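Q: Protein chains in written order, with the numbering used here: chain A, 6 to 569; chain B, 61 to 513.
Derived by calculation from the structure, the hints in this document are not laboratory data. Keep in mind it's a predicted model, so treat the numbers as computed, not measured. Please note: incorrect hints may appear among the correct ones.
[What the hints assert, rightly or not] Beyond 12 Å from chain B on every Cβ pair, some chain A residues (computed):
#, residue
1, V26
2, T27
3, V34
4, S135
5, T216
6, V283
7, D290
8, S297
9, D493
10, M561
11, G564
[Said to hold, decoys possible] A few chain B residues that face chain A, going by a derived Cβ cut-off under 10 Å, partial list only:
#, residue
12, T139
13, E218
14, A222
15, L224
16, S359
17, D487
18, H488
Ideal Cβ positions, reconstructed from N, Cα and C, are used throughout, including at glycine.
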Amino acid sequence: MAALAACVNHSYDFDKLEHAVTLGGEELVLPLVNTGQLTVEDLIGDKLEDYLVLNDDRSYALSYDSDPFSFTFDELKDYDTSGPFRRYVDYPISYGFDLFEKPATLPFDDKGEVSLDTIFPAVIPLPDLSKTASLSVPRLPDELVEVRSITLSEDSHFDVTISLPNCMFTEGTLLPDFNVDLSQFFESDDAEGGVLHFDTPLTESNGYSVTRSYHLHKVVFNPDDFDPRTHTLTLHAGVTVNGSCAFSGLKTDREHFEQSGATTLLLVQVILRTVNCVAFVGAYDYTVKDLSTSVDVKGMLDEFTTLFDSQDFTIQLNDPEILLDVETNVPIPTRANLNLIARKNGVRYADIKDILIDFPYAEPGQTIRHGIRLAGKAKHEEGIDDVIVDFSKITTRVPDEIRVNATASTIKDRIAEVRFGETYSMNLQPTLRVPLSFGPNTKIGLRDTVAMPSELGKVLKDNTVILAGEMTNTLPLEVDFSLVMINDAGIMVTEQVTQHLKANATTAIRIPLVNKVEEGIVNLSKAILTFQVKGVANARPIKADDYLQTSLHAEMPGGYHVNF
Amino acid sequence: MKRFLLSAILLLFLPVLLAAQSRGSYFFENSLLRHKLNPAFAPQTCYISVPVLGSSSVDVASNVGLGNFIFQYRNKSYTFLNEHIDANTFLNKLPRRDPYVTERIETDLLGAGMPVGENGYATVSLSLVESGKLVVPSSLFRFAKLGRTGGEEAWDIEGLQARLYGYASLAAGYSHDLNWLLEGLRVGGRVKLLIGVTAAQASIDKISVRMEENLFAVNTLGSGRLSGFEYLSVDNAFSWRGFGLRGLGTAIDLGAEYGLPLDGFFDGINFSASVNDLGFIWFNRRLLDASTQSSFSFSGFEDLGDGGIQKEIDALTDELGNLIRPDVTKGRSFVQALSPSVYVGADAPFYVYAFRMHAGLLYYRTVGRDNLMASYGISPFEWLNLGINWTFLGPAGRFGFYAEYIPKKYVSIFFGMERAGYRRNSDHLAIRNFTDSFSFGLNVLFGDYSFWR
């Protein structure tokens, strides 16, 4: 046993063993982060989702809505549509035809009755009877300067009554076949070419009196007969009645014969019952003044500043646009005269006057949306009219607000159909669009706090860890990427390390993580990743294809050290 | 990975706890329990084992030692993973075969022997046997040490395996003198009823590792079958369920001995041969089949959105957990073959003065390894055997010692050992490749044959 004891080599005793080991040789490399291509939408899209818009050329713009404004054509809504023709309603125009003379005697039978078929002719032609009227139609809308046509309401109609007043007949039928020509006054859906055909039989059952109603659609007139000063239309026209009537099975008795008049009369009466003017095709003279709103640029910047928790948020106002989103049912072509007034700290420092804008107009009964872009150059986008405006006077500074004052007027030489009684309004939503291009003083901090595995503290304590790889930045922005780790108490346990990423470049990354508080490193709990975005002067707008791509691995030169 | 490596290294240096029926007793003709090595051998006295202490043995062998993994640098000791230890220094120390450790423990709970008739001798015993083997591939150590050094980014680590089984053996042996057939010939055999207690075979056939700047990927493929264990999914660990009847089996030992008498310096030449543990155990209860075919790849966190990285860390942790989480199913029964051992020996007894001595040469094969042992013994008194031996082949050249006190009656005691790699640390762990065999036994003797006749 002594010999065995002599062979004991204490160099291999475990209590004398240095417990530091290194795994992975001299060059341990582990992948860490591979972000793929992070676009602006990935990076700040969630913060700007209400403001970021993508243009057709795939460039981004910041879009900020100002207060909407609107104007209404109230006078057109309140117009009295029955006024112009009220005086002619229920006023009959009568036409009388003498059919035949009363004979002195008739051959009555034993019952005192007699058939008249052989006594009177079976068919009697009627001559043309024409009456000419001269109607003065007043109280047309004050805004009308020219009228081309007047459309009547659906309940507008007139009645035609045909009767044989005080006739001798006790039996038999009178079948009229004649026309009432109203074509010089009105158009009617029930009368082709304005000529009404009447063929309803008159019998003893309807008392030899029949009335028919006919719908009126439009008023027929000569536009020259409209006087825009008095807003009165003068109508000169005639109504003609002609045709024939046939008889069959006519009988009378002694009593009716004796009581009847000396002549059998066919009476035709034309009576306007309801005439409401609901639409006028013509030219209008209408002006809305003192329209105004304000584009709150400062409010936009303040909102972005809050969103990014940044004290230094600026945007470059190069090539701004004011987009007017117009929603309208106004059928009258309208033109506005806009003045843009820029203010800074309450002081007006620049204005752009007399910007003429033709507003869109709708087909009668429809509502449309259309855009109007005020910008330095046209973009020719569908659904948006370009109005070229030189904003250079305004963009010499970043204004607090851009005041928009406008006067809107109808275009007098443009014909439009206006339906009265409807509400005509135009709603305008001004939106300021600025190409997404941060100013040189912009500093946006994007921060992400990541919980770290507790054992990572040991790793960092015993090992030299280098974050290495590359970051590609095609954005026209500079980015400072920094990393710091904190412990449970929120104390920084590693030095904060920062890597600067140039704009539009691929940057090699090599960030050593260095312990700051050696005794506290084991309580490491979180890592704070910060991307400090810096604007670049005169940079191009950011495009959807721009990206930030990070590919990092952890290098442990000398391997992975651990004490066990 | 770190814990796994440490566990693997510590398993390679399991301390030696028990003693063994020594091969040093093989050529002593009056040695009490040498019949365990060859059932043809017959004790010369009747005996009953002291319960539990009758015979215990343990064999441990490995082709590596602490010196393969611990190195000196400026008078300090470092593991091979320390940065001060040059990779070539460590790699040159690794053996050509993958590092392994084997162990076998056997102890008799009960045992007895007595003559039967004129020419026979019978033995019975109840033993507990436990045997295990662990192989850790060199490539695993190379991977841990080198990593990507030298530009190597892909590693295929093959051949990690562990095996363990334990059983109780109820043995009945019989040795018979065949002098009537051939003078000096004796044969024997032993039949064993084996009761399986536990069995575990596990192998990670392949671990593929790729390490690149933008990719870290691991694929594992392994399987295992276990009896006497249960899987605790919550802990992702296997737990031994304790002793129980989990299998049945049988085995036989066969042996023969022939003594050729000589006139001269040598009294004769004895030849003997045996093959032991020819058999199997059929494990059929509470089996688990475990397999793992997992892949893990990591190319970096890919989401910097709100809470994105934390989610990815959680997913990464889960994925790593699944990498080592086996797919465990209720297994089928399986047959575990025993590892047979073979002994072939020749010795020549001779006398110097009044002292009986012998010189012998023993070839044996156990746990898959061939060994050749030269032995010298002396019996200065009839009740004392002393021997030394040297084994040439095998995991390591080793020296052995044997001592046995064996009076006619009362109490017999023996102790034997073999050891290769004498340089040890304070915890008796070998510094180089080593073999340790220890044996110890305490038995009660009841006199020679004549007492019983």
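Q: Taking the numbered hints from earlier one at a time, note which ones the structure violates and give those numbers from smallest to largest.
A: 1, 2, 3, 10, 11, 13, 14 and 15
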